[in-house]
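There are 2 protein chains.
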Amino acid sequence: MRVSKLFTKTLKNVPADEVSKNAQLLIRAGFVYKEMAGVYAYLPLGLRVLENIKQIVREEMNAIDSNELIMTTLQRREVWEKTTRWSDEVVDVWFKTRLKDDTELGLGWSHEEPIVEMLKNYLHSYKDLPVSLYQFQTKMRNELRAKSGIMRGREFVMKDMYSLHDSKEALDAYYEKTIEAYKRVYDRLGIGDDTYVTFASGGAFTKFSHEFQTICDAGEDVIYLHRGKNIAVNEEVIDEAVAELGISRDELEPVKTAEVGNIFNFGSQKTDEMGLYYTAQDGSQKSLYIGSYGIGITRVMGVIAEKLSDDKGLVWPEAVAPYNVYLVSIGDVVAQADDLYKKLQEAGITVLFDDRNERPGAKFADAELIGLPYRVTISERLLAEGKLEFTVRKTGETELLTLEDLIARIGE
Amino acid sequence: MRVSKLFTKTLKNVPADEVSKNAQLLIRAGFVYKEMAGVYAYLPLGLRVLENIKQIVREEMNAIDSNELIMTTLQRREVWEKTTRWSDEVVDVWFKTRLKDDTELGLGWSHEEPIVEMLKNYLHSYKDLPVSLYQFQTKMRNELRAKSGIMRGREFVMKDMYSLHDSKEALDAYYEKTIEAYKRVYDRLGIGDDTYVTFASGGAFTKFSHEFQTICDAGEDVIYLHRGKNIAVNEEVIDEAVAELGISRDELEPVKTAEVGNIFNFGSQKTDEMGLYYTAQDGSQKSLYIGSYGIGITRVMGVIAEKLSDDKGLVWPEAVAPYNVYLVSIGDVVAQADDLYKKLQEAGITVLFDDRNERPGAKFADAELIGLPYRVTISERLLAEGKLEFTVRKTGETELLTLEDLIARIGE
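As you go down the protein sequences, you meet chains A and B in turn. With the working numbering applied, the first sequence has no gaps in its numbers, which climb one by one up to 412 at the end. With the working numbering applied, the second sequence has no gaps in its numbers, which climb one by one up to 412 at the end.
Wrong hints could be hidden among the right ones.
To be verified - Derived pair list, reagent style SDA-like, types lysine to any residue, alpha-carbon separation capped at 20 angstroms:
#, chain 1, residue 1, chain 2, residue 2
1, B, Lys342, A, Asp65
2, B, Lys394, B, Thr350
3, B, Lys96, A, Asp65
FYI, nobody ran anything at the bench for these hints, they're computed from the structure.
The shape of chain A in the complex, shown without the other chains (with noise of 0.2 angstroms):
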């Protein structure tokens, strides 16, 4: 992409009421557009961003057998009444609407109950068992306050997924399997080092559910990690959790942390008043068991934001950035850039290539601003050394290279 044939640009200046980092960023560099509080728009380098985390979520979740589909937002009454959450008392984030005839609807917060409801169309026998089934829906909750940019949003991505088995072992060995797939997740989006697996509170089902948890100063939650066994726990859940791992409370440090992921063992109740049962091969109606698990997708881009950036700008992993390459030309090379930017392409390499007539050092400020992992620099002098500048945006350093050493180098 040209940024010549790029809308935004970056900004100087952002909403007197956005006091998030990762919101300041994002809009400085163009990736969002503030709505109005805890509502975002997704300009086109945000929004390759969000679809780059959604591709490694989904490559995941395909690879656990679990099948993508997309519920709506609009939420039917009865549905949420068949458990107890239509009530604005139960559920406090409700925002709801009304046909033109006056029936209520809901926004969709979360989307249990339509999922069961919809299996009831497809789930009859043991045979149809394990189901597991995802999207990446936006969800609407009406939040009192949402000061924390795209990291707690009034309208916001999430991937839910639920599994539905037919004991509580195959349901276990699932869980066990997903929380694998969100370490694989976490990894490759970078966070992994700082994503922790956190036993929380439980409920009705099981002792525990499992949070995970990604060090972050600018997190709303506090955990207590045990660095060296790798194992973190809520503060609600303390007690237990340093009895059943036979740990001290006195190895645990508190550290802030933003949630990116949850899952949690739902038991048989959701099922159970809605009406879905399934029949045994002994031929009897039985109970299911369900999980739920989630990844805040555009929480977790607000975290990445947030936490790997530096007084520069941003600072994006590869696997998440928009573009791999940022290239500026500078002076009068437009035929030797504009080969170059082919070249790159050429050689599988995504570019941001800031083709505009502008002084180097602001190319240059921008480029660490919008903060794509690395940087390549043409211009006469280098050109007269048959060399490219190229900058790593994380660690700074810059080497001159040939382009045949600098695509080595990207691709490592």
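Go by the hints and put chain B onto chain A.
Chain B only, in chain A's frame:
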């Protein structure tokens, strides 16, 4: 994908209130699930069709230098009050909702206003022009009735594109370029031959706008077609169009159609109302010229389902089909069928492999209902001959082919 790992099944029954042929077929074949009238979830097969359609549209919009982004569903009153379109009297399809502090919000039914508002951050000078941007948005429209399946949704996916220019001539040129891009889209979607650029009412800025109308018995529109000249006009502009085009009214044949796209020239009114101008080369502040270009993504899917189906089920064109091949294994050929499944995929062919332990008749009926372009059958009898059975869904033609010939045929 193995049918045994797909949670959906073909269904015998559809909801009693579902009167449209497209939704009846799509529900029976497991592509969509009806949440309520005009609101459908897209199940794995349906989601793949949607994504295929979006990808074709995306490629053609990118080819005319448009930037993809994604705006928000939640809409601010202040933005829409700058034009007259917040009012429920002016726009009768708003869904409205409220924040906790009682601030009224709307659900996006269109996005001209927020896009113009957003562009105030980026568009200042003649140097920034032209700008073209588009999104695939889930629009919410509070339709009084919704009885046309996915052809008229209360929640539906639309590609909306907007272009901004510094002169009427520049807008006209881009408008013509977009007409050509749209023609390529409908050709690639397999409905090009029955889709007509149709003269429609132009509003305040131009004599005509243009609709893309596809011949379809279930369509809600009627166009007047001049088959000789390949021209169509809407009834509302028939007199002007006849005069302009130098044709006789008698030569026009009324045909039932569905509108699959529409493009119009907005002139400068909206940007003027909202206070978006640009600085010209001479330093003066000038008005912009906007074009607006829509394609109803879910509607197009409905039209294809409606129009290309037959009495046995759906018939997907190759470019939008969820998979190329429906692979049927008959009898005890598990290892050979697994191998064939692998080889077809290695040849770049997407396959839905019916690996269920079902009667051949049930598998064939599902293959026809689901409507993938090709069915490939493997059985002991066929293996003995060194052949596979190859059936074209659209024509019913069946041949016995070697694997090599079969792969070549699909690649044609």
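Structure-based check of each hint:
For a cut-off of 20 angstroms, the pair hint linking Lys342(B) to Asp65(A) stands: about 17 angstroms separates their Cα positions. A hinted pair counts as satisfied when its Cα atoms are at most 20 angstroms apart, and Lys394(B) with Thr350(B) qualifies at roughly 18 angstroms. The straight-line distance between the Cα atoms of Lys96(B) and Asp65(A) is roughly 39 angstroms, outside the 20 angstroms bound, and the hint therefore fails.
In the structure shown, a violation is registered for the earlier hint numbered 3 alone.
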